[in-house]
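K.L.:
Next come the chains, spelled out residue by residue.
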Amino acid sequence: MTAAPLVSVRNLTKHFPVKGGVFRRTQGVVQAVDALAFDLLPGETLGVVGESGCGKSTMARLLMRLTEPDAGEVRFAGEAIGGRAGLSLRDLRRRMQMVFQDSYASLNPRLPVVMSVAYGPFAHGVRRAKALERAATLLEAVGLEPGLFAHRYPHQLSGGQRQRVNIARALAIEPRVVILDEAVSALDKSVAAQVLNLLVDLKERFRLTYLFISHDLGVVRYLSDRVLVMYLGKVVEVGPVAEVWAHPRHPYTRALLAAMPTMDPSRRTTEALVSGDPPNPINPPSGCRFRTRCRFAEEVCARREPPLSTLPDATDHTAACHMLAPDTGHSLAPAGGARESR
Amino acid sequence: MSDSTVLTLPSPEAALLLARRGRGYWKNVWARLREDKITIAVIVVLVAIILSAVLAPFLTPHDPLTTSVLKRLKPIGTEGHWLGTDEIGRDLWARMVYGGRLSLLCGVLPVAVALVVGGTLGVVAGFAGGVVNSAIMRSMDVLYAFPSILLAIAICGILGSGIGNTILALSVTFIPPLVRISEAVTTQVRSLDFVEAARASGSRTTLILRYHILNNVLGPILVYATSLISISIILASGLSFLGLGVTPPSAEWGLMLNNLRQAIWVNPLVAALPGAMIFLTSMCFNLTSDGIRQAMDVRL
Amino acid sequence: MTPASATEATPVVSVRDLRVRFATREGTVHAVNGVSFDLVPGEVLGILGESGSGKSVTLRALMGLLSGSRARVEGEIRVAGLDVGRLTEAETAALRGRTIAMIFQEPMLTLDPIYTIGEQIEETIIRHEGLSWRAARARALELLEMVQIPDGPRRLKAYPHEMSGGMRQRAMMAIALSCRPAVLLADEPTTALDVTVQIQILLLLRKLQREFGMAVIFVTHDVGVSDEIADRLAVMYAGRFVETGPMDAVIRAPRHPYTQGLLTSSVHGSFRDHRLEAIPGMPPALSELSPGCAFAPRCRHVEDRCVAADPPEYRVAPDHAARCVRASDGSLPVFGTATATLSPAEGERAG
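So the protein lines, in turn, are chains A, B and C.
FYI, in our numbering the residues of the first sequence are 4 to 345.
FYI, in our numbering the residues of the second sequence are 4 to 303.
FYI, in our numbering the residues of the third sequence are 1442 to 1792.
If you are wondering where the hints come from, they were derived from the structure by calculation, not from laboratory data.
Quantities reported herein were computed from a predicted structural model and do not represent experimental measurements.
Treat the hints with caution; some may be incorrect.
Footprint (simulated), chain A over chain B, 3 or more residues, beta carbon under 8 Å [what the hints assert, rightly or not]:
1) 200-210
2) 213-225
Here are the computed lysine-lysine pairs in the DSBU-like style, where the Cα-Cα straight-line distance is at most 30 Å [unchecked claim]:
3) A:Lys133 / A:Lys206
4) A:Lys206 / A:Lys192
5) B:Lys30 / B:Lys40
6) A:Lys133 / B:Lys30
7) A:Lys22 / C:Lys1598
8) C:Lys1648 / A:Lys192
Idealized CB from N, CA, C, for every residue including glycine.
Whole structure, please, built from the sequences with the hints as guidance.
P.N.:
What follows is the structure, encoded as structure tokens:
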């Protein structure tokens, strides 16, 4: 990792109390995101995968500060966010933007789409006429001819077209980082392909950095340089995408990849590597959160939480598993010392 | 969705002009409304009633206040007085159309005032949430605890009768329900994704309110307010009937109903006329607001 | 028009020229436009289509769920020899659950929230087979075990909202299979599930299908999923089957441009620098279908004769058919990217 990270996350935590009962007492805590740490390098696409309850959407909202974290620090280009000396929220949002999953709900149904796109720059002080001009240019950049589409309302567009508008809207403020939260998940596969091509083009044209969140492993693999796997609010594996796909080390990552359909009728999947459903993030298991579904779980896994450590034979590939780090007390752990990295 | 004409625009501002003319949400509502024959008919009737009140001097040569002992309680169809006369000889048709002015005024003005005051409070409460919301909503709850007619009577009783006090009392009565609905709709809209996206773009709150909240909440609030007009007319008439509203000798339907109470034994048709008018007008307002609400319920 | 079929056994489901139209404010929606197929016992037919292709409507027509003033159903549907269109409401109700059952995408919407799982399973059993309450309960426990829901006696008393998504889907399967139907219809049952749960459900479905010898129609929009479960594949577009055939043949050598487009635009096995060949445009609105091939506006091999008339079904092989004029006369370019989508050389399977 030679370049300085663009976004640096340390110890990011968000817990939601669950209130219930007659007196609305706190009955449990949803540990949505717990001590999350990772870096987003400039110019890369970092794919974030995980299943429901893993906290990836919460993480996106924490990065955009749409929700306040309970603990932890996020730095943008070295500057802290919030506080007296740090980046204001307004400035943060000028540098980092987000595209949401629901393309229809993300657009004001009473505004023509060109206004929705122009709203961002307008809110940051750009004059109305210039903002509209920028909006029209962006609509063209995302493949929507302004003459045809600028005056339309969201309900007059298809899902794919709306998502393009959302992308244009995110780009209108000229951010450096775009967070895509399940941006193509709700689209038909043939339309999703068009939008993916568009995202690749835009990234190059506008020199963007992407944080691509998805539950669809195939799409993440297609788009990303590095991939980060989350489980129940924790990072379990990070690494270059080709490396992680070829040599997944964490048992959860392996199960996830094995669960992908093979697309080869002659070699169908014959067994699932993990059973049961993703557990409830309320009161997660002690120690390693995956241990309840892991076939390699041992006593040490319940006692101690495995830290994210670099794998012995790789430089860029980290995983949080007692089996993979030396001298952890796990029967399958390798011997010898290794650097621990976060 | 198929728009085959490709337009070459000189500038984005032109695009915005086109947006105003485009087939937007309100155009859609209007199109649906046009198909609803019943609502159109009702709107026509309503417009007729309003016009008859406005153009009253042109519709009758008689003065609503001129009495005549000789011509008391003439029946419908009397020469010169096609709707008859009331218990002190005043022409009923004249009193009806002139009375419409006051009755409609007492119907629309309180709702308009309540809309401005209550709507603002409600939107603020809905958008701000938290303590501000609680403060506003709980204050309204206090007023809401009273049945509207009792509240109106109480206020009029304290302030005295007269049209100004009637309008004031009715405005106060209608503020709590309007606050409630504005707050509910605003809370709902505030949690929608596009508002969150607006927040995520780093925009200031006032801009968000202006561009994203207002245009989405005004519709439902206006429809609700329209449905309150009919209630307002009835309440105003009720207050006049009780002697707390408009004072005699002004023409106002509720007051007329009160005065003609005894006449029901002598000339029932004439006595029932003001009541019928109240009924008709409030029904029309109700049906209109229903029709508009249905037309607005477009599954976009 | 006799459809391509796999074997010569007597079909348990036989559909001829099914057409479904809905009357709406905006005009007539032609949801299904001439679907014909046979399904033999023990066969799994996958219907692959995107939103608006008419796949869910087809299933509902098979179950007789489309009665009512707004839907016009034409064509012949025979289930286990009975003509579904001619049955009375009572007879159709008797058919459902017993002979033909269905599982849906959102179990939360199809399970009754105020009854326990046990009550819902037992209700189906008692209604169709007239067993006593005790016997029905025993059978329910068996079913829960069969669908791999652990801790059966406790789960029988659970309500749908107390279970996770995967559990609810299994519970729905238990209800559907309670009377050992001959035909199971599955309408995107795994679309809303996480991928690790999805594979478990698919494996379970395969196992049960083999054990019971059921015929299954599995509707999905995901090529990979249909790959894992189906023996034969029917690709649906704008209310028609545009290609039908054995799964192997359709995936490796698709003959219809739409199928080819679906495969080339799939991310599976593609690398980032390999641009996705996306299908341009959007699926047509079913209320505005023009004559001729419905895929013509988006097809890269389109010619004039494609829009002139409805393309006939062309038999590539005895059991493989494609509805394309250019496929029939061999003028369609050979599909060259078949190798890119299959990646046995990935070697990236677990471990």
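K.L.:
Run the distance test for A:Lys133 versus A:Lys206: straight-line Cα separation, threshold 30 Å.
P.N.:
With a Cα-Cα distance of about 23 Å, the restraint between A:Lys133 and A:Lys206 holds, given a limit of 30 Å.
K.L.:
Compare the distance between the alpha carbons of C:Lys1648 and A:Lys192 with 30 Å, and conclude whether the hinted pair is satisfied.
P.N.:
28 Å, holds
K.L.:
Holds or violated: A:Lys206 and A:Lys192, Cα atoms, limit 30 Å.
P.N.:
It holds: about 21 Å lies between the C-alpha atoms, which stays within 30 Å.
K.L.:
Do the alpha carbons of A:Lys22 and C:Lys1598 lie within 30 Å of each other, as the hint requires?
P.N.:
25 Å, holds
K.L.:
Checking one constraint from the list: CA of B:Lys30 to CA of B:Lys40, max 30 Å. Satisfied?
P.N.:
With Cα atoms ~17 Å apart, B:Lys30 and B:Lys40 stay inside 30 Å; holds.
K.L.:
Are 3 or more residues of the region 200-210 of chain B near chain A, judged by a Cβ distance of less than 8 Å?
P.N.:
Holds, because 9 residues of the region 200-210 of chain B bring their Cβ atoms closer than 8 Å to Cβ atoms of chain A.
K.L.:
Hint check: A:Lys133 vs B:Lys30, CA-CA at most 30 Å. Holds or violated?
P.N.:
28 Å, holds
K.L.:
Examine the region 213-225 of chain B for residues whose CB is less than 8 Å from any CB of chain A, and state whether their number is three or more.
P.N.:
holds (count 4)
Hint check: no violations occur; every hint is consistent with the structure.
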